[in-house]
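K.L.:
One letter stands for each residue in the lines below.
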Amino acid sequence: MGIRFVLMVNKQGQTRLAQYYEYLNLEERRALEGEIVRKCLARNEQQCSFVEHRNYKVVYRRYASLFFLVGVDNEEKLSALHQLCNNLDLPIYNKSGEGFNHQLIHPKVEAGLPNELAILEFIHLLVETMDRHFGNVCELDIMFHLEKAHFMLEEMVMNGCIVETSKSNILAPIQLMDKA
Amino acid sequence: MAGPSLMDSLFQRSVDDIIKGIRLSPPGTESTFIAKSLDEIRREIKSTDPQTKATALHKLTYLHSLHGADMSWAAFHSVELSSSSAHSHKRIAFLAASLSFNPSTTEVILLLTHQLRKDLSSSNVHEVSLALSTLSSICNPDLARDLTPELFTLLSSSKIFVRKKAIAAVLRVFEQYPDAVLVCFKRVVENLENGDMGVLSAVVGLFCELTEKDPKSYLPLAPEFYKILVDCRNNWVLIKVIKIFAKLAPLEPRLGKRVVEPICEHMGRTGAKSLAFECVRTIVTSLSDHDSAVKLAVGKLREFLLDDDPNLKYLGLQALAIVARTNMWAVLENKELVVKALSDVDVNIKLEALRLVMCMVSEDNIMEICRILISHALKSDPEFCNEILDFILLTCGRNFYEVIFDFDWYVSFLGEMARIPHCQKGSEIESQLVDIGMRVKDARLQLVHVARDLVIDPALLGNPFIHGVLAAAAWVSGEYIELSRNPFEIMEALLQPRTSLLTPSVRAVYIQSAFKVIIFCLNSYLKLNGDDPSYPSESTYSDVKSDYPGRFETVASQLLSDTEPDNPNMVVKHGQKPSVSSKMHHLTLESLVALVNLVETNLGPLAGSNEVEVQERASNVLGLIKLIKPKLLGCLDTREGDKANGELKASEMVELIFGAFSEDLGPVSLNAQERVPVPDGLVLKENLRDLEEICGDIELPLSTSFSLVKLQTMDATSNLEHHSKEEFEPSTESTSLLAEHRKRHGLYYLPAENAGIISNDYPPAHDPKDKASDETEDLVKLTEQSLVIKKKPNQAKSRPVVVKLDDGEGFKVAAKAPEFKADLISGAVQEVLLGNEATTSSSRRKSSKKSSKRREMDESNVGVPESKNEIVKADMPEIGFSSSGRRKHHGHGKERKHRSSGKDKVHDHKDKQKSEHGHGKHKSRQRADGALAAQSPVIPDFLL
Chain A
41 MGIRFVLMVN
51 KQGQTRLAQY
61 YEYLNLEERR
71 ALEGEIVRKC
81 LARNEQQCSF
91 VEHRNYKVVY
101 RRYASLFFLV
111 GVDNEEKLSA
121 LHQLCNNLDL
131 PIYNKSGEGF
141 NHQLIHPKVE
151 AGLPNELAIL
161 EFIHLLVETM
171 DRHFGNVCEL
181 DIMFHLEKAH
191 FMLEEMVMNG
201 CIVETSKSNI
211 LAPIQLMDKA
Chain B
53 MAGPSLMDSL
63 FQRSVDDIIK
73 GIRLSPPGTE
83 STFIAKSLDE
93 IRREIKSTDP
103 QTKATALHKL
113 TYLHSLHGAD
123 MSWAAFHSVE
133 LSSSSAHSHK
143 RIAFLAASLS
153 FNPSTTEVIL
163 LLTHQLRKDL
173 SSSNVHEVSL
183 ALSTLSSICN
193 PDLARDLTPE
203 LFTLLSSSKI
213 FVRKKAIAAV
223 LRVFEQYPDA
233 VLVCFKRVVE
243 NLENGDMGVL
253 SAVVGLFCEL
263 TEKDPKSYLP
273 LAPEFYKILV
283 DCRNNWVLIK
293 VIKIFAKLAP
303 LEPRLGKRVV
313 EPICEHMGRT
323 GAKSLAFECV
333 RTIVTSLSDH
343 DSAVKLAVGK
353 LREFLLDDDP
363 NLKYLGLQAL
373 AIVARTNMWA
383 VLENKELVVK
393 ALSDVDVNIK
403 LEALRLVMCM
413 VSEDNIMEIC
423 RILISHALKS
433 DPEFCNEILD
443 FILLTCGRNF
453 YEVIFDFDWY
463 VSFLGEMARI
473 PHCQKGSEIE
483 SQLVDIGMRV
493 KDARLQLVHV
503 ARDLVIDPAL
513 LGNPFIHGVL
523 AAAAWVSGEY
533 IELSRNPFEI
543 MEALLQPRTS
553 LLTPSVRAVY
563 IQSAFKVIIF
573 CLNSYLKLNG
583 DDPSYPSEST
593 YSDVKSDYPG
603 RFETVASQLL
613 SDTEPDNPNM
623 VVKHGQKPSV
633 SSKMHHLTLE
643 SLVALVNLVE
653 TNLGPLAGSN
663 EVEVQERASN
673 VLGLIKLIKP
683 KLLGCLDTRE
693 GDKANGELKA
703 SEMVELIFGA
713 FSEDLGPVSL
723 NAQERVPVPD
733 GLVLKENLRD
743 LEEICGDIEL
753 PLSTSFSLVK
763 LQTMDATSNL
773 EHHSKEEFEP
783 STESTSLLAE
793 HRKRHGLYYL
803 PAENAGIISN
813 DYPPAHDPKD
823 KASDETEDLV
833 KLTEQSLVIK
843 KKPNQAKSRP
853 VVVKLDDGEG
863 FKVAAKAPEF
873 KADLISGAVQ
883 EVLLGNEATT
893 SSSRRKSSKK
903 SSKRREMDES
913 NVGVPESKNE
923 IVKADMPEIG
933 FSSSGRRKHH
943 GHGKERKHRS
953 SGKDKVHDHK
963 DKQKSEHGHG
973 KHKSRQRADG
983 ALAAQSPVIP
993 DFLL
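So the sequences go chain by chain: A and B.
Under the numbering used here, the first residue of the first sequence carries the number 41, and numbering increases by one thereafter.
Under the numbering used here, the first residue of the second sequence carries the number 53, and numbering increases by one thereafter.
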């Protein structure tokens, strides 16, 4: 469930932080951000926090005026299976509707589903951490301390894997830097 | 402006200034402000003062990251600054590097190697951590190779803070430089027993990623993972460990038995939804043979579905879709919740629900489900409405309509769908209508009714989305006109003025159908009056239509007797129609003449149409009318003697065309064309320039194989023209020239199947009869795949026969599927195994587009442990048996040994690979190889 990017975007759709864990060039980034942000901003409170976009599953959450978006590898799960079946013109389900075309279930389809709820918790942790550091964090804090936000993320996520989930551990080196 | 002046340094703007500046600049002028700032930065960054340089780089990073400014030009400055002694400068430099460097194209990365090495071995943990973060984001194969030793040291660093980061960074290094696995793997594994949550989290995360790519290789580590699963209380770690087991369990049934219990325990105990969900998903994907666990999981899912949180609802539905594959009852049990979710506010949830509803479909409930869905479709927004229609069409049409029992219902249902206001699925409905027409004989009567209703409704013509449906309806009306109750009415509908709204291709279908209708009417008339002994046709076409014995009689006599207009409400705008329509029910000479006149007036203008298809078809019909009409009129005017004579000629023509049209069209296999063997002497691949030469008068001897075959143009649609022209007109000069040419150079034309082929514009079709009667050998082969038409007595409830081409459609797919699968799963692996060296080394050298390259690297990485596993797997069965007896006696102690032997084997293989790389370390290892090879049959009895 590798995290592929973390974005923070305000209500107007302006990016306030962008951290990618795989290299995309500027055009790709701009296009991706534009599309995803448009998709997420169009959704309302009653809708779920997951959006599928290209090969990403985007988990987002809104805090005050800021949207936190995390893109995770989407192993395309069932839809890949549907696609596969459609391409081959095969039934996904057998006649009586019970049972499945097992030969088609590719291990990749099954494995590696991101845990969306864990990602939501990660977003919450990130916000709490920033809150603890900045004290009632707001958009401006992130704007003017972008590098700090990046360092916090760096402490929490490496290579798309979450490595640290303790707030004090995350903040320790940053507080040291502040003192220095 | 040479270098930065002192003034620049003194009055340099800070990052905050830039941010404020952007915020203050009036809308629309940000880009000018940014451009101005970039100019300043370009100047400042050259400064020798590290502070000035750092600030400039910091500003640039900000603009790059949030405003998309290009900073590839500043790569070297980042490298330069990274060697600064001030930690704050170094931070800025490394941040800039990790945010902007492209690992595969930024060349200056190599210049960072030394600095990174220095920092990795620094005594300051913060420097080390910074270097590790940077390494993990900009790592390329060279960097990975050069820094592996430092990383190896850090993996057992006493400082937790550093060690966990080293573990996280190692994943990237493995991906870039698979040989690093040899060096580091053991140390990584040791960390699985570390008590620190940070370290454990990192190492479990690492294995989670690794197992995702190639689970088999990590089976020997199952005991360690199991221990974490049982002992750990950190939800993050647990989620990842469970994910690992989700991948390992399907590979080893005994493992599944072992882990199912603790997973269920976690699921029951935890308050964290994320962990509970992970447990549920693992059970339903990987442990679905454990019924009691699945029951528990489905119970949990139901809680999710009942929850108000849309996130849980969405995930619950998703998981339910996974359960549906193996345990359909779970979906049926939650049916009402799923149906309720169809009207959720969130389209994502609705889609998931729709998917689930469709997987509940069976023969018994299809009608009910479709009814529910259509009522939802009518209520929904256009987008979702079409989504629903799409799913319905897909499900119903799947595998030759296998879920459809009542085709009369389905055909009417298709017509209903076409009339849904938002419907944009015209083309799919179109193809199904035609397809059912060809495949399901028993549905044709109803199909014709549905088609009539569609064709006759002038309101539908205005909706471009369903033009496809109309085309299908028109085709059906024409093709199966003998089943229609009132051909005249159909004709009027086909010619109604609003057809001008149709696209040319659809219009061509309309005209073609009108052609068929008129032929049918003429023929019926002639046949009815054909007591005349000279009338030859009777036997010919009643043979052809043997599937409908007596059907035309019925229809035709009905035409005569049916005095009531079938559809008095029909809206007809055309001037002469109303009068015509009422009279037309009597199939008399007068009514025929009126019909012909109607066609002529309506199609007349189209003969000059700009659209080739329309023009051509209109001309065909008009050509026929031109020939027929004088005869008909002649009959009308003159008395007995001439009448018979005129009628005779006309009847011959009509009968011929009718014969051509009346052959039944069947479905065509997609690969029918491929199966036609290329006859000897037919050159397909040669350059056609030769043709010019040939045309320049060299006469080729006629090859005998072609002289027997009647030749035809390649263009199927133009067939008709030749047909009718050749039959009705004295061949004009051009056609005769063409024929001549064809005769001489048959080589360059496709051999015709037979003259009897149906010239039809609509779906290309092979006719069973046609094929069967054909003498040529290649076509006999085609016949062998022919249609399975079994006539069934039309009983009330039996399912109509759906014609399938057995090898043509079903089997082709079935044969293809495993191939496809094999391709996906093992293709990559095999390729890697065989061409491992090639890919790895070549991709290491070349630094080209990153993403694709990286993937390649991933695969090569995966391939390495994979091969080792071949051994494990091969040994598995016997060991499984032999050790089963000992199982009880050898407890935990054995696992240790097995695991390590497994691990060592990783090394083995790596060694082999490495030795091929010529690293020269292999001698000592090879000895170890021998020792281990002897041990290798002792194989993990994993947890037991």
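Take these hints with a grain of salt, some might be off.
Across the chosen pairs, the derived CB separations fall in these ranges [to be verified]:
1) A:E92 <-> B:E242: 37 to 43 Å
2) B:D416 <-> A:N65: 50 to 56 Å
3) A:K79 <-> B:N246: 37 to 43 Å
Worth flagging that the hints you see were computed from the coordinates, not collected in a lab.
Quantities reported herein were computed from a predicted structural model and do not represent experimental measurements.
Glycine included, every Cβ here is placed at the ideal spot set by N, Cα and C.
K.L.:
Determine for every hint whether it applies to the structure shown.
P.N.:
Here is what the structure says about each hint:
{"no.": "1", "hint": "A:E92 <-> B:E242: 37 to 43 Å", "result": "holds, 39 Å"}
{"no.": "2", "hint": "B:D416 <-> A:N65: 50 to 56 Å", "result": "holds, 54 Å"}
{"no.": "3", "hint": "A:K79 <-> B:N246: 37 to 43 Å", "result": "holds, 41 Å"}
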